[in-house]
Amino acid sequence: MHNKRTVIEMRNITKVFPGVRALDNVSFYVKEMQIHALVGENGAGKSTLAKILAGIQNQDHGDILLDGKIIDIHNSRSAQKLGIGMVFQEISLIPTLSVAQNLLLAHEPDLFNIIVNKNRLLSEANIYLSKVGLKIDPNRKLQDLGIAEQQLVALARALSFQPRILILDETTSSLTSKETNHLFSILKTFKSNGGSVIYISHRLNEIFEIADHITVLKDGLLIDSDSVEKFTIDLLVQKMVGQKIKKSVRRNISINNEVLRINNLSLRGLFNDVNMFLKEGEIVGIAGLVGSGRTEIAEAIFGIRSFDTGNIEVYGKSQRKVNPILSIKNRMGFIPENRHLHGLCLGLSIQKNIIMASLKRLFPKGFIFPKQEKETTQRFIEKFSISSQSKSRPVRFLSGGNQQKVVMAKWLCSESKIFIFDEPTRGIDVKSKSEIHQLINQLTISGAGILLISSELPEIISLCDRVYVMKEGKIVAECCGNDIQERNILNYMLGANNEV
Amino acid sequence: MVKDKGLVHLRKQNVKIIGLFKAGRFIFPLLLLIILAILQPSFLTMSNFVNILRQSSILFILAAGQTLVILTEGIDLSIGSIIGFTACMAGSLVINDGNNVIGIFLAIILGMLIGLINGYIISHIRVPAFVTTYGMQILIRGLTIAFMKGDVFWGFNDSFRFIGAGSIGAIPMPIIIGVLVLIIFYFLLNYSTFGQSIYYLGNNRNATKVSGFKIRKIETIVYAISGLVASIGGLLYLSRLNSAEASLGTGFEMDAIAAVVLGGTSFFGAEGKIENAIIGSITITLLKNAMNLLGISSYWQPFIIGLLIVVIIANERAFEKLRNLILVRERVN
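Keeping their order, the protein sequence lines are chains A and B.
Here the working numbering is used: the first residue of the first sequence is 5, the next is one more, and so on.
Here the working numbering is used: the first residue of the second sequence is 7, the next is one more, and so on.
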């Protein structure tokens, strides 16, 4: 137990993305026959670290050593050759091919053998599948399998390269506890055969069940790295969060009438019996992991997605069904998670994008008066200080921050009073980010009610008056006032409280 | 500071390059005009000009409808058949009953109805536009053939012939109607919320829906308009040709699509203007006229038209890529 060899070592790894230091001088090592857990909040740098090891991204500084020798991992193929296999958070296989084809993809058993020997393909596929205990027909298409089975196929594929080091990034996030146990037994076998595992998960209970060693990352820095016996769940959460206290950027705002109420809203498989309310002048956060149902709830409230049961009350008017047209009439605005998909017409000008949701209100007879259109939009371009040389240039050529401001301007132009923000600052540079935070804050001064969904807890904590925490499609907690603390929210999000 | 200056200089140059790209689609028809004027004196006669404009007008009317459809990222392959069907129905009424008004009215209503069916299938049942309108092309042509049973209607009365072959003063009727269509479509695309929503829809369906537009309704209306103007173009053509048979209008959809795309409207939606359809229509008509005047064998004419369409469109795409490259480089974060 004590004298295990170090298999892989990362020395002073630094990786900088525009506007953010994803990894800052991180050093850590993994020993043989060790399951090494990487934990941290969203954006702590876990996935970046894993991707550097798997050859998908390159570090800006620092060395990676395998068996004490410096190695160069320039792509995923070279990672495979070095014995590093990875199972990704998102499925990275090809859904339209069969299980067997997916398994043997890029294996090239015979380099010059153009005609694929189907029987051999199947028999080899069966060997790999049996290693993960999956009893399925290898001829089935991947897309016909459940997510859990697809994850196991991905694992089988990673194992088929006979790696010494296996990286699992959030592999269990879509698995049931039974499937997770099955995965753990595979990992334990892999470990007892001399392999090492780097295991990334948000589920802290699992980590204590499977890991030998835990490394905690926060904001790209290595906080702690020690054997599992040295940690408790409470201690781990504390280390993940740091010692931050609530620093409110909000001044006191009078919170008055209720503008929005969601009653027992359910959509099978996505969210269940959700109740919320929102008052004038209030910013209410929805915290939760990706896949907790937070985006789906937002889409259902605005009417992009339907719901099975429950109702939505806007200004006291109860609605069983909503759609965007109705929501806009109800003075609601929706700033989507993916602004390219649901927010902007990338090929059209700033002006045309800003006026988009107000066209019918401004010109009810159907005739556009260009002068009025220009004057209306110009106000918002100035107010938001959207920088661009030309207003007629397509918004495709704006930076992410400016694009997001255009989306916000669109909903301000339509005179919205209720705003739903879904990840308003994702992928946006630091300067625009604080500008957007200020704008959100200003909105409440003029009496708007705001629902704010974010993966970044600091954002939620600094902006929100109240926070709903979602987990697996349900609201598990509501935090107000001094309860709005990172540690608190994270506890509810990860479900550490109810299970210890 | 020196660096800044360099950047500004580059931008001025870029403006010129982008300007050249925009002018590109005018250059080709102009060049053709000059060559023809030099090689063939009869080209420069007034009657030939009027002839070219008259022919372009009918093509333009079809291309105007097709422009709306292509702006929504769609395509309408059925207009050739709509022309044949509605012209034959109108022709039969005019010949048998001598009732021009009812014949014209019926043709326009039928054209719009077929377009509505196209639009409904595409927007509500979500069948791709290519498949829907291709199916409709065959179906409607089949209906026309079954209706005509090999008959030919010809020899229409003078007042019916007036709409396609007559003229007010020195201006032929098709040109007058073409200009009317241009004015209406120009207004529609530039100064109406409906026209604006076509651009939104073609650019980003999802965002348009989120912004409170009834995207299915918009799409349906667009195909209805395409069918409607196709039947108008068909009536003009029938009136000038003075004979209706089941194959009338075959292949017209391709000329219309070529005119739209040659004019510079993007095949990928949301980029383009009604003016482009004029340039495209005149270019294609000029080309056909030129080949006749120059005595190019009719066996070789389709080949040359095809070749030029491919070359001009490839050239436009290359310029567009260059322009985007420049804009991305200039982008200031």
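In short, the hints are calculated from the structure, not lab data.
The beta carbon of each residue, even a glycine, is placed where N, CA and C say it ideally should be.
Accuracy of the hints is not assured; some may be wrong.
Unchecked claim - Over the 10 Å line for every Cβ pair with chain A, so calculated as not near, a few chain B residues: (1) Q46; (2) I110; (3) V137; (4) Y197; (5) V216; (6) I319.
Said to hold, decoys possible - In silico SDA-like pairs for lysine to any residue, Cα to Cα no more than 20 Å straight-line: (7) A:K369 <-> B:I315; (8) A:K364 <-> B:Y205; (9) B:K279 <-> A:A152; (10) A:K369 <-> B:L194; (11) A:K333 <-> B:K220; (12) B:K327 <-> A:R397; (13) B:K223 <-> A:P368; (14) A:K364 <-> B:F193; (15) B:K215 <-> A:E300; (16) A:K182 <-> A:R144; (17) B:K220 <-> A:N334; (18) B:K215 <-> A:P368; (19) A:K369 <-> B:Y197; (20) A:K195 <-> A:N143; (21) A:K364 <-> B:I224; (22) A:K364 <-> B:T256.
Hints and how they fare:
Q46 (chain B), annotated as away from the interface, keeps every beta carbon of chain A farther than 10 Å; the closest lies near 42 Å. Here I110 (chain B) stays apart from chain A, with its beta-carbon at least about 27 Å from theirs, past the 10 Å limit. The claim that V137 (chain B) is not at the interface with chain A holds, since no C-beta of that chain comes within 10 Å of its own (minimum 21 Å). Remark: the non-interface label on Y197 (chain B) conflicts with the geometry, its nearest Cβ contact in chain A lying 5 Å away (cut-off 10 Å).
Not every CB of chain A lies more than 10 Å from the CB of V216 (chain B), the least distance being 5 Å, so the non-interface label is violated. With a least CB separation of 18 Å from chain A, I319 (chain B) remains clear of the 10 Å interface cut-off, as annotated. Taken as a hint, the K369 (chain A) and I315 (chain B) pair is broken in the structure, with Cα atoms around 40 Å apart against an allowance of 20 Å. Between K364 (chain A) and Y205 (chain B), the direct Cα distance comes to roughly 15 Å. Compliance with the 20 Å bound is thereby established for this hinted pair.
A distance of roughly 50 Å separates the Cα atoms of K279 (chain B) and A152 (chain A); the hinted pair therefore is violated under the 20 Å criterion. At most 20 Å may separate the alpha-carbon atoms for a hinted pair to count; K369 (chain A) and L194 (chain B) meet this at roughly 13 Å. Restraint check for K333 (chain A) and K220 (chain B): satisfied, since their Cα atoms lie roughly 14 Å apart, inside the 20 Å limit. For the hint linking K327 (chain B) to R397 (chain A), the alpha-carbon distance of about 15 Å falls within 20 Å, and the restraint holds.
At most 20 Å may separate the alpha-carbon atoms for a hinted pair to count; K223 (chain B) and P368 (chain A) meet this at roughly 17 Å. Taken as a hint, the K364 (chain A) and F193 (chain B) pair is honoured in the structure, with Cα atoms around 17 Å apart against an allowance of 20 Å. For the hint linking K215 (chain B) to E300 (chain A), the alpha-carbon distance of about 17 Å falls within 20 Å, and the restraint holds. Taking the CA atoms of K182 (chain A) and R144 (chain A), the gap is near 23 Å; set against the 20 Å cutoff, the hint is violated.
Our distance criterion of 20 Å between C-alpha atoms is met by K220 (chain B) and N334 (chain A), whose separation comes to about 17 Å. Note on K215 (chain B) and P368 (chain A): the hinted pairing holds, with a Cα-Cα distance of about 18 Å set against a maximum of 20 Å. With a CA separation close to 11 Å, the supplied pair K369 (chain A) and Y197 (chain B) stays within the 20 Å bound. Simply put, K195 (chain A) and N143 (chain A) have alpha-carbon atoms about 30 Å apart, too far for the 20 Å limit, and the pair is violated.
Of the pairs offered as hints, the one joining K364 (chain A) and I224 (chain B) holds, with about 14 Å between alpha carbons and a cut-off of 20 Å not exceeded. Taking the CA atoms of K364 (chain A) and T256 (chain B), the gap is about 40 Å. The hint is violated against a cut of 20 Å.
In the structure shown, a violation is registered for the earlier hints numbered 4, 5, 7, 9, 16, 20 and 22, in ascending order.
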